[in-house]
Structures are given as structure tokens and as C-alpha cells.
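Asker: Sequence:
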Amino acid sequence: MSTPPPTGPLLTRDTLRTQLGELGVRPGEILLVHSSLRSLGWVNGGAVAVVRGLLDALGPQGTLVVPTQTGDLSDPELWSNPPVPPQWWPAIRATMPAYDPRITPSRGVGVIPETVRTWPGALRSAHPQTSFAAVGRNAAEVIEGHAPDCRLGERSPLAKLEALGARVLLLGAGYASCTSFHLAEYRIPSPRVVVGRPGPKGWETVTEVSISSDRFDELGYDFERDRPVVRGKVGAAEARLFPVAEAVAYAERWLALHRPREEEFRHPRV
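In this text, residue positions in the sequence shown follow the working numbering: the first is 62, and each later residue adds one.
Since the hints were made in silico from the structure, they are not lab data.
The C-beta atom is built at its ideal place from N, Cα and C for all residues, glycine as well.
A hint or two may mislead.
Estimated spans, in silico, between C-beta atoms of each pair [claimed, not checked]:
#1 Asp133 <-> Lys262: 14 to 24 Å
#2 Ala155 <-> Val109: 30 to 40 Å
#3 Pro181 <-> Glu83: 24 to 34 Å
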């Protein structure tokens, strides 16, 4: 059975650069991109062409930032997709390779971030589960200092991006992927959880703020209703563009109203 031909649209590095500019991406800015390659259409050159188009739109003074998370470096007891037999858990914990920012692949964030991670000159932050990678003029400033016990909070690249006036580009991705909302979780009363992961000296645990993207789609809908969000198309993909700082400030107020307050958490996992 033959494979049907692609339906398009046909995109190239040049058309991506042009359409990103028409959307409002500015040369020289810092851009945090959440993306879906499949949503764009048929891209001649795939993820490499998309990254080149993004870098072209940002220009030599711009900075491209992407999430390069590694959620698989976690406690096998919590795995559900798929789960593993309980009798395997001790061996998995004992032998799971520790995070290495140079070689550990990202997982669950798509092929475009993984392409950025391996790009010449790319830098990657040090957190073993919620790292970011960056290419461009401000890459080192954004990436440095990601604390090992601060997944997406004040000592993560998100706070740097907020302070530097960066913007978010949702490129075929929904608000459930918007990591900037997580920074707000660190600024409201939130439960804390024990997080297990492989470390340089073996299995380790740290106590962290509990983070969840539950209801982020609803939060994003309200944010877009109440705040100016640039909307448009890049290829076939829905694209949204907005400042990190505005997203964090709105989410802080929204989450405080729509999520249980700290004293209402009956059984925090600490």
C-alpha cells in the first residue's frame, strides 16, 4: 500500500523566516520556543530547516531558547506510560545513567528542541530533569546557574528569561506546553514533593515545589482573552507570541484563585 502524498503547505527555511517576521518575531530578541514540527506542514529540511528559519528571523544578535527536558530520569515507581514491574525498580535506580548536559537526549519535547540541543555552539542548563538549551548572543546568560533543586523556579532559566524581557513563541504547541506558567507556581503557596533521580554519586532525592500543567489550557484561554497575544499562522501551525513576564504575572494571579491554597493540601508528598 503506497503512502499518500503530503498535503502541505510546503515550507522552506526562507518561508519560515519570512512568516516568523510577519508574525512579529524581531531580530535581536530572546525567544523561548515551544514547538510541533508536524503541525507546520511539509518542511523541506525538517527540524534543521525550522531551526535555521528561527535563527534567521532572530538574526546574529538574537537568542533561541528551547526546553530540553529529561523526565525519564525519574523514579520508576512513578512511571505509567508504560509502567515497569515493581521488582525492577531497585535495579533501575541503581543503574540509571546520570544526566550529562552534553549527551543526554531530551525527551517528550519534540524533534525541534533536540535539534537545537545538538546545534553548533548550543549551551544547555544543568538541571537533570528540566534543562533548557540556547543558541545565540545571550545563551550563556540564560543557561548559567540553573540550580539542581529548582526545576522551573527563581534559579532557573525561566526567571532569567523573565528578567531579560524574552518572549514566548508557541509554534503549533498549546498552552499546556507553556513552561513560563510554571514559574508562577513557585510564587504562590504550593505543596512540595520528594523527587528521585540519578545523580553523579548514585540515586538521590531532593525536595521540590510540586509542578503540574493541569488546567494550563484553561489558564492560557483566559490569558489570551485578557492580555494582548499576537496570533497568526506559520505554515499550517497556529502560532502565538507574548512576553514571558506577562504570562508569569497573569498565571500567578490566576493560579492563586483557581488552585487550592497551601493549607488546603491534605496530604502533601514530603
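Asker: Against each hint, give a clear statement of whether it holds in the structure.
Answerer: Going through the hints against the structure:
1. Asp133 <-> Lys262: 14 to 24 Å: Holds - the Cβ-Cβ distance for Asp133 and Lys262, about 20 Å, lies within 14 to 24 Å.
2. Ala155 <-> Val109: 30 to 40 Å: 38 Å, holds
3. Pro181 <-> Glu83: 24 to 34 Å: Once the Cβ atoms are compared, 28 Å apart, the range 24 to 34 Å for Glu83 and Pro181 holds.
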